[in-house]
Amino acid sequence: MIKRPPFRRQTVELSPDAPRPSRIRREPVPEHKLKEVRPYPTEREIWTVVIGVCLFALAITAITVGTSNYIVN
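Quick note on the numbering used here: the sequence shown kicks off at 525 and runs consecutively.
Since the hints were derived computationally from the structure, they do not count as laboratory data.
Model, not experiment: these values are computed from the prediction.
Ideal Cβ positions, reconstructed from N, Cα and C, are used throughout, including at glycine.
Take the hints with a grain of salt, since some may be wrong.
What the hints assert, rightly or not - Label pairs and their calculated CB-CB ranges: (1) K557 / Y594: 54 to 62 angstroms; (2) P554 / R532: 47 to 55 angstroms; (3) A583 / H556: 39 to 47 angstroms; (4) Q534 / K559: 58 to 66 angstroms; (5) I548 / T572: 28 to 36 angstroms; (6) K559 / F580: 26 to 34 angstroms.
Start from the sequences and build out the full structure, keeping to the hints where you can.
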């Protein structure tokens with residue numbers, strides 16, 4: 525079992541009329557300036573996505589056809 529020390533700190537009696545400690549007042553947080561956002565992608569980005577999707581579909585098709593030919597033969 526844990527033994528408690530023989531000495532104890534005395535409790536402090538706080539009076540209800542004691543003044544409250546002051547709070548630290550800080551300046552408000554500065555507001556961030558928002559950047560202008562372009563909601564629509566450029567034409568180059570659209571074509572990049574279209575070409576990427578087509579190449580991915582072509583790769584999946586080639587893998588499927590190659591695997592099916594290997595399994596059948």
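Verification of the supplied hints:
1. K557 / Y594: 54 to 62 angstroms: holds, 59 angstroms
2. P554 / R532: 47 to 55 angstroms: Given range 47 to 55 angstroms: holds, Cβ gap about 49 angstroms.
3. A583 / H556: 39 to 47 angstroms: holds, 43 angstroms
4. Q534 / K559: 58 to 66 angstroms: Roughly 60 angstroms apart at Cβ, these two residues keep to the hinted range, so it holds.
5. I548 / T572: 28 to 36 angstroms: violated, 52 angstroms
6. K559 / F580: 26 to 34 angstroms: holds, 32 angstroms
The structure fails hint 5 only (numbered hints given earlier).
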